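*Asks:* This is what each chain is made of:
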Amino acid sequence: MIQLGELALQLALPISLFGAAFAFFGGAKRRGDWVLAGELTVYAVFFLLLLTSAGIVVAFLTDRFDYWYVANYSNRELDTYFKVSGLWAGQRGSLVFWVLLLSLFSVIATFSNRLKNREFMPYVVGVLLTVTGFFLLVLLFADVNPFEKLPFAPADGRGLNPQLQNYWMTIHPPTLYLGFTAFTVPFAFAVSALLNGRLDSRWIVITRRWILLSWFFLANGIIFGMRWAYEELGWGGFWFWDPVENASLLPWLTATAFLHSIQIQENRGMLKVWNMGLVVTTFLLTIFATFLTRSGLIESVHTFAENTKIAFIFLGFMGVVAAACIMLIVWRKPLLKSEHQIESYLSRESAFLFNNVLFLGAAFAVMFGTLFPLITEGITGQTITVGPPYFNKINLPLGLGLLALMGIGPVIGWRKASRRNLVKNFRMPIVVGLLVAVGFYLAGARHGMALVTFGLSAFVMTIIIVEFVKGTKARSRIEGEGHVVAFLHLVGRNRRRWGGYIVHVGVVLVFTAFAGSAFDRELITTLEPGDSVTIESPLGHEYELTYQGLSSERGNNLAARITALMDVSQDGKPIGTMTAEKRLYLTWEAPVTEVGIRSKFLEDLYLILESVRDLNGAFLNDAKAQRATFEVQVNMLVGWIWYGGLVITLGGLITMWPSRGPQTSSTQEDPRRSSASPTI
Amino acid sequence: MKSNFRFLAAIGGVSLVVGYLIWTGVTETMTYYLTPIELINRVEEDPTFHQVGVKVSGRLEKGSWSRDSDELLHYFTVADLEDESVRFSVEYRDILPDTFNDQELQDVVLEGRFREDGVFDATVVLTKCGSRYEATPEELVGDYIE
Amino acid sequence: MEQIAGAVLITIGVILFILRPVLHGDEAPLTSTDGGKDELDSQKKISALKGLRDAEYDYHSGKLDEEDFQSLRLEMASEVLGSIKETESGPDVEVEIQRVRAGLAAGSTCLACGEVNRNGSNFCGQCGSTLE
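Chains as they are written, first to last, in our numbering: chain Z, 1 to 680; chain R, 1 to 146; chain S, 1 to 132.
Keep in mind that the hints were calculated from the coordinates and are not lab data.
Values in this document were obtained by computation on a predicted structure and should not be read as measured data.
By construction, the Cβ of each residue, glycine as well, lies at the ideal position given by its N, Cα and C atoms.
You can trust all of the hints, since none of them are fake.
If the Cβ cut is set under 8 angstroms, some of the chain Z residues that face chain S in the computed set are:
1. Leu11
2. Gly19
3. Arg30
4. Gly32
5. Trp34
6. Leu36
7. Ala37
8. Leu40
9. Thr41
10. Leu115
11. Lys116
With the rest of the complex left out, here is chain Z (with noise of 0.2 angstroms):
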């Protein structure tokens, strides 16, 4: 099986290439045979990628150390589940499952429009092998094939690093991924627009489900990302602007504003350069995503090992794609002109274009820091860095200006808001928004940005509650509907608009989140049993921790698992446990933390078990061994990242939920009327 899955890999490189040659072919001299074989060339290379990674994961089902991959990600005791989802653990493995996805969608794609959209389907086939045969080139000639074999097999693998064995860590990247490679689709389709002339919107209207998708899993795989640094990392923080973390922010900044700007062309057949430029932009993104995490360019924690070809052959890739898609829209200008023009500033479309300019300033300014070590270095010698307090200094005035964006865009109409109705329908959430500020800060809150937050968020939630409570009255009194069925049918009819605002919620929960980090609480300190330590939370009440101890253990893949045991007691009265470990895996040179976490509606109790006086002693159980340091830290409103991620995903699957009938090619609002009523 596994020689098989070694042959596919190498078969199907030279295979999507041939298919890609054919469909262009195909497309470009109208020959229907030529077509199909690229489109069963589709199918192919999917069969042939299931096999590679069949043959991959049982490699690591039957521990074949021989295998350098197998080797450096696993070992004889590892859970099943890590060996499994070792496919995508290393660089190796998760190339083959980024191309694997890739061809999984392509066959979506492909099958679900054999009999549709005809126009667009070869050179959509065509793109999407390119794309396919480019991933399976750097698979076999940068140095990173999964099969590569030992002179000898060892006895053991090195295993899995034990922070990378975490319920969220398995699923992090895959989420990712899918967002990533699932923007190929998209991609694929505007190049082929280019190519075969029609550049009104239908690539759009075809593509829509796939960029949400795209979107949907984009924003998911970030924020799995910042549950397992919050949960294993073990310093109580969720996001550090690491450069691989910010390179996965990038395309999901563009793709967002990707998602409002094409409305404006659906409706008004306005910004096709834009639009154009936009997507090309995120499927670069997304590349580059990879290849920072790849090529060991930039300092990361998250970096593989560093090589140099890979740098290369990525750099080389999105070098040849960016210039060949300025060329086409250069080409294709005549074809892209507006059919209208923005009327007034006070209308729809002026604030989706100011959402654009927000979030494409975001991407360039996360991108520009990131890449300033780089660019220091390169053009001074002196390499210069930017952090936190940088990326944080730029996004966050740009994150406020997007929180009252999403106030503003539902209740502002198309083409041109008369500023009588703007004044009145703003009136009571501005209201809102800022008695909440206000009460906040009698409540004790002196941070101005956190304010502001809170105050924007409530401005914000208000129009969206309103144009729900709005929607389901006008059409429960028009249509002699329920107020439950009302509202059911005003979100079915139109899923886009109102799945959209409550995705809004759930972006409006996490910015709360946001805010409410800084009003956390943190001490460290050093405890006998028997010692208390107490810390206040911003709500007024007061935690006190008694250290009780600490017990050593030994498990199957652990050499010792220290655990420290907290009673923990709010304003005098227990309420329970926490514990908080260092564990020392057989397999890994460093300790783990594995810290204790009391999860709350609005705030976490987050405790570390910094270090162990005498750690000999302790693994002996010894009991003058234990003195310890910790750090007792009291997270405000994290849980809302999560919750936020939630009312997201439910937004989001909304969404792009099918409805049934004939699919509109505009949203099913008309944009000529001035201002947004409910669409009944």
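Knowing the structure of chain Z, use the given hints to seat chains R and S on it.
*Replies:* Quick look at chains R and S alone, frame taken from chain Z:
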């Protein structure tokens, strides 16, 4: 037509604001990333450089780690990667990463200030952990031959 | 030995699978059965119809004033009816609009082609689509 112009102006304005934020962000928070040799040379040339926050990458000297009695303060020595005779002491008051290990060959990245008394006052300590490093086949085989 | 055989088999199998259309003359369609451009036009019509209905609600709930409403109606109705130029106005257009609107309210206006059918019809007499 006129509103188009006003519009472009507004977008241009926002872009300028973003640009301004980037500019001040960079100039206010940029941090030099130096080797110990570069750092020592720099403060010799320019004593005010003692006040500047910098990032330094070097090698942790074996066996040089010790801890203060209150256990929250760590001491260790960091040397230059090229010339190990160039080194300085480091003081750090916070939690060390789990991978920090003075018994093995380890590279570290520090952020902080190089004080006038020749001690580096670190606010951040990062290790380039050996566990992230993928073994070459030769090393892997070597491990098992031993 | 069997591995080489298996390898050869798979390679040949895949190549034959892919090249079958070229060898046998099967073709993938190069144009869509759904008509492409026509579909776009009819969908514009549908969204205009819906927009017309929404404009009604907006006007009656006080979000739209009289002037804007009338010009919107004219514009959208003309798109629905296709042949009537925007510059024409007067009782003929008004009658048409009333007919379409009544048809919408009664559920007898076909959303696919704009034809106003008899009340109570389940299918459009013009194009065969299901009536809402």
